[in-house]
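Visitor: One-letter residues, chain by chain:
There are 2 protein chains.
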Amino acid sequence: MSEHKNEVKLEDIVSLAKRRGFIYPGSDVYGGLAGTWDYGPLGVSLKRNIMNLWWQMFVDGRDDMYGVDAAILMNQKVWQASGHVDTFTDPLVECNTCHARHRADKLDDANKCPNCGQTGTFGEAKQFNMMFKTNVGPVDDENSVSYLRPETAQGIFTNFKNVVDSFYPDVPFGIGQQGKAFRNEISPRDFVFRSREFEQMEIEYFVKEENWEAEFEKWVELCKQWFTALGLPESSVHELEVPEEDRAHYSKRTIDFEFDYPIGREELMGLAYRTDFDLKNIERVSKKSMEYRPKDGSDSYVPHVIEPSFGVERALMAVLVSAYREDEQNGEKRIFLALPYDLAPIKVAVCPLAKNNEALVAKARDIYAMLKEQVGDVLWIDSGNIGKNYRKMDEIGVPYVVTVDFETLEGDQKDTVTLRHRDTTNQERVELSNLISESKKR
Amino acid sequence: MSEHKNEVKLEDIVSLAKRRGFIYPGSDVYGGLAGTWDYGPLGVSLKRNIMNLWWQMFVDGRDDMYGVDAAILMNQKVWQASGHVDTFTDPLVECNTCHARHRADKLDDANKCPNCGQTGTFGEAKQFNMMFKTNVGPVDDENSVSYLRPETAQGIFTNFKNVVDSFYPDVPFGIGQQGKAFRNEISPRDFVFRSREFEQMEIEYFVKEENWEAEFEKWVELCKQWFTALGLPESSVHELEVPEEDRAHYSKRTIDFEFDYPIGREELMGLAYRTDFDLKNIERVSKKSMEYRPKDGSDSYVPHVIEPSFGVERALMAVLVSAYREDEQNGEKRIFLALPYDLAPIKVAVCPLAKNNEALVAKARDIYAMLKEQVGDVLWIDSGNIGKNYRKMDEIGVPYVVTVDFETLEGDQKDTVTLRHRDTTNQERVELSNLISESKKR
Chain A
1 MSEHKNEVKL
11 EDIVSLAKRR
21 GFIYPGSDVY
31 GGLAGTWDYG
41 PLGVSLKRNI
51 MNLWWQMFVD
61 GRDDMYGVDA
71 AILMNQKVWQ
81 ASGHVDTFTD
91 PLVECNTCHA
101 RHRADKLDDA
111 NKCPNCGQTG
121 TFGEAKQFNM
131 MFKTNVGPVD
141 DENSVSYLRP
151 ETAQGIFTNF
161 KNVVDSFYPD
171 VPFGIGQQGK
181 AFRNEISPRD
191 FVFRSREFEQ
201 MEIEYFVKEE
211 NWEAEFEKWV
221 ELCKQWFTAL
231 GLPESSVHEL
241 EVPEEDRAHY
251 SKRTIDFEFD
261 YPIGREELMG
271 LAYRTDFDLK
281 NIERVSKKSM
291 EYRPKDGSDS
301 YVPHVIEPSF
311 GVERALMAVL
321 VSAYREDEQN
331 GEKRIFLALP
341 YDLAPIKVAV
351 CPLAKNNEAL
361 VAKARDIYAM
371 LKEQVGDVLW
381 IDSGNIGKNY
391 RKMDEIGVPY
401 VVTVDFETLE
411 GDQKDTVTLR
421 HRDTTNQERV
431 ELSNLISESK
441 KR
Chain B
1 MSEHKNEVKL
11 EDIVSLAKRR
21 GFIYPGSDVY
31 GGLAGTWDYG
41 PLGVSLKRNI
51 MNLWWQMFVD
61 GRDDMYGVDA
71 AILMNQKVWQ
81 ASGHVDTFTD
91 PLVECNTCHA
101 RHRADKLDDA
111 NKCPNCGQTG
121 TFGEAKQFNM
131 MFKTNVGPVD
141 DENSVSYLRP
151 ETAQGIFTNF
161 KNVVDSFYPD
171 VPFGIGQQGK
181 AFRNEISPRD
191 FVFRSREFEQ
201 MEIEYFVKEE
211 NWEAEFEKWV
221 ELCKQWFTAL
231 GLPESSVHEL
241 EVPEEDRAHY
251 SKRTIDFEFD
261 YPIGREELMG
271 LAYRTDFDLK
281 NIERVSKKSM
291 EYRPKDGSDS
301 YVPHVIEPSF
311 GVERALMAVL
321 VSAYREDEQN
331 GEKRIFLALP
341 YDLAPIKVAV
351 CPLAKNNEAL
361 VAKARDIYAM
371 LKEQVGDVLW
381 IDSGNIGKNY
391 RKMDEIGVPY
401 VVTVDFETLE
411 GDQKDTVTLR
421 HRDTTNQERV
431 ELSNLISESK
441 KR
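So the protein lines, in turn, are chains A and B.
Each residue of the first sequence is one higher than the one before, starting from 1 at the first, in the working numbering.
Each residue of the second sequence is one higher than the one before, starting from 1 at the first, in the working numbering.
Bear in mind the hints are in silico, worked out from the structure with no lab data behind them.
Just to be clear, a hint being listed does not mean it is correct.
Since the list can't tell identical chains apart, any single copy or any two copies may satisfy a pair.
Lysine-lysine pairs mimicking PhoX-like chemistry, simulated, CA-CA at most 25 Å apart [what the hints assert, rightly or not]: (1) LYS208 to LYS295; (2) LYS180 to LYS77; (3) LYS133 to LYS77; (4) LYS180 to LYS18; (5) LYS18 to LYS161; (6) LYS347 to LYS363; (7) LYS252 to LYS218; (8) LYS288 to LYS161; (9) LYS218 to LYS372; (10) LYS333 to LYS388; (11) LYS280 to LYS208.
So here's chain A without its partners, still in its complex pose:
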C-alpha cells in the first residue's frame, strides 16, 4: 500500500451509491449490520453486467474453461485440508478497559484503544479465526460444525475430479466459479472494499508443472484485458510482484494487481501459482487420487495450478472510481459516471418533451418500445424538467438520452429526435432509422 490516492473521495462514491440506488448499507432499516451491503436496482445491474462480462470472457467464451457452482456450506474436512481451520486467522486484541476488540495489526498505536481512548490497555494478541461457524443438522456438536466458505476456490478443487470424470478435458484447462464468500473481519471498513460478505470470481487453471511459467504470463495479459474491459485507466493499476517472504509458502509466484482507490493503493485482485498444493492436500485428507491421466498414454500426474482470483466488489468499486467525473456545464457543477457502455445499467433513456401532450407521449412510447426491444436496458422518464433529467441520467451513467419533441411529430424534422451524449453533453438531431445503431455505439 502506498500513499498515492485517487482524487475521487470515498464519501462521494458512497453518497452517490446510496442516493441513486446502487448500494445501501445492509439491514439499513434496523440500524445496519457492520460489514454487509445491499445492492439496489442500479447496483444489481452494474454487478450483473460485471459478472456476466467476466463469465463471457473467462468461461463461456473459451473452449478450455468449465463453470461450476459449489455449495457455500461444505464438509468441514475441506477447511481442515486447506489449512483454513488452523491458520485463517487475524491477530485480535481486547481492551482491558472497555472490552472492545480490535485487529492488532491495524491499530495505529497499539497502546491506545480507538474505542475508549485508554492507553496501555491491551494484553497479548490472540489468533481469531475469520471463518463464520455454524452447525449443520439437528445435533450441535463437533461433528456437525460447518463454515461459511471464506473463498470459492475450494469449491473448485473439490470438484476437480468430477469435472475430469464428466468431461475429460485436455490439460491445460480451467474451472471457473462465481459466488458468495464470507469472512468475519474484526474491523470491516472502507465501504464494500473490506466487507464480511462479498462475491468472488475465481479460476483454477490446471497445467503441467513444466508449463506453469508460460501459462502464468498468459494470465497476466488476460488480467490486463479484463481491466481494460472494466474501463480502468492503465495508470491506476499496478503490478506488485509479491516477494517470497510475503507469499504463501506453497506459492512460487504471486502478483497482486493493485488499484489507486480513494483509500490508497490497495489490492484489486491476485494471480498466484499455487503448485499442486491444493490437490495434494485433498489427496492426503480424502485418500483419493487427484491424478490426471493424459489421453496419449503418458504418465499420470497431479496438475499444477494457476489461480486468478477476482473480487466483484473490488472490481465494482474500481469501476465507480474510474467512472466518477465532475465538470462544469453552464457554470454549474456536474457529476457524471463515464461507465463503459457494456457495464452501464441503463443504455438509453427516452423522454417526451411535454408529458401532457397525447400525441407526443404516444410517439415517445413507441420509440421507447422499439429501443427496449432492440437495445434492452432502456429507461422511460416523463417527470421533471429536461435539465434535471439530464443531471440524474448523468449520475447513473446513462450514455444516451433521447428526447422526443414536437418536431419529431411533423415538419422538416419529422421522425428525428434529440440524442444527448453523456460524456460531452453534446446534442445532435438523429433520424429514427439510425437511432438503434447510434444507441448501441460503445
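Put chain B on the given structure of chain A with help from the hints.
Guide: Frame of chain A; chain B shown alone:
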C-alpha cells in the same frame, strides 16, 4: 400431495445429472455434506439460463419492477420482526435408543426409529428452529447472533423504503431478488428438492389494498406463462387453492403451484397475498414509517403485497423431469433431454467427420467459430464415433449437431453440412449460409 407420480424415475435424473456434469453431491470428495449439491458445468449453464430468463421476464423486461441483491447475513432484528426466530420450526424427535434425530411429522410410524428399528422409542417432539445460526464480529454473545437467511423475501421488505427513496415508483410496483437461502432441514431428501442450501427468485409486488384481487389474478397468469417458458406440460402443473386453515394467518389468499415430480405431486412455487403484514412488522420493530406517499397528493398508506416465490432448484428439477425422454432408435434405447432451446446449456455441437484430415478439421473449426460468434453456447467435439457423439449430445439436450464431412469441402454439396435434430433424430443437408438461422430455431 397426491399419489400421482411422473413416469420418470428420480434415480434416472440423479444418475444423468451426475454422469453428464449437471449436478454432483456437495463435498463429494470428502463423503458429502447432507443436503448440499454442487452444480457442474452443464448444471451451472442450465441454472443460469433459468435465472436469466426469469430476470428478463420479471425484472428487466418490465417497467414496474426493480431488482435488489441484499446480503445473506442480516441484523437479527429482521428475523425477530418477521417471526422466524419464534416460529420457523419443525417438530423434532430423538430416538432414546440410538439418539438419531428425526422430523416428527415425516415419520411413517412415529413408534419405530428409521435408524435403529427400535419401536416405542421416541419422547415428545421439540420445536427445532431451521435457521442456521452464526455470530458476526469478534465477540460471541447474544448480541452478535445472526442467521443465514431462510428466505430472500425479507431482504426485499427491508429495502422497500430505500427503493422508494431512490426511485419513487408509482404503485403498483415490484421488487425482485435472486439469491441463496438456507434451511437447516432435519432430513434433507429427494435430490435438490429439499436441500439445506438453495436458490430463490422472489418478488414482492406492492399494491393498493383495494386492488389486490385483480393484481393477484394477473400474477396467476404470469406464473403460468413462466411454466410454459420452462417447457413444463400444462397437465403436470396443478393449482392448489390453499384453504384458510392451512394458510399463514396473515395471508388472505395463497395458491401453491404443484408439479408432478417423480416423488409425487409437490410444491413447485407459491403465490401469496401477504396483506401489509411484513411492512407493518418492520414499522413495529424499527419504529420507522413504511408509508407510501402518492404523487397525486392523496393520503399516504402502507402498501399491501403479493408475493410470487420461485425456487430455482424446484424449477430446474421440473425442467429436467419434463425434458427427460426415452425412445428407441434402430433397436437401441435412446435417452434425450428435450430442453427448450433457450434453456439448453449448449445450442449446437460441431463435429468433423474425421479428425485426422487437416482440411476437414480446418473447415469445421471455421464453422465452429462462426456459430460461436453468432449463436454462442457452441460445443466442439472431435472424439468418438458419430453415433456415440449423438448419444452424448442427446443426453445433455443439445438441439442441433452439425457434422462437417468431405462433401462440405467440394463437389455438388460444397458448403453444405449435415444438421441433426435432437428430438426427431432427423438429419438434413443445410447450406452454410442458412446454418445460423437454422441453429437459432426454437
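Visitor: Now look at each hint and say whether the structure bears it out.
Guide: Each hint tested on the structure:
1. LYS208 to LYS295: Within one copy only: 14 Å inside, 65 Å across.
2. LYS180 to LYS77: both (20 Å within a copy, 23 Å between copies)
3. LYS133 to LYS77: both (14 Å within a copy, 20 Å between copies)
4. LYS180 to LYS18: Cα proximity of LYS180 and LYS18: in one copy and across copies (22 Å, 24 Å).
5. LYS18 to LYS161: Between copies, since 12 Å is at most 25 Å while 44 Å is not.
6. LYS347 to LYS363: So LYS347 and LYS363 pass the 25 Å test inside one copy only (20 Å; across, 38 Å).
7. LYS252 to LYS218: Cα proximity of LYS252 and LYS218: one copy only (16 Å, versus 60 Å across).
8. LYS288 to LYS161: The answer is within: 10 Å in one copy meets 25 Å, while 52 Å across copies does not.
9. LYS218 to LYS372: between (39 Å within a copy, 22 Å between copies)
10. LYS333 to LYS388: For LYS333 and LYS388, the Cα distance is within 25 Å only inside one copy (13 Å; across copies 66 Å).
11. LYS280 to LYS208: within (14 Å within a copy, 60 Å between copies)
When each numbered hint is compared with the structure, no violation occurs for any of them.
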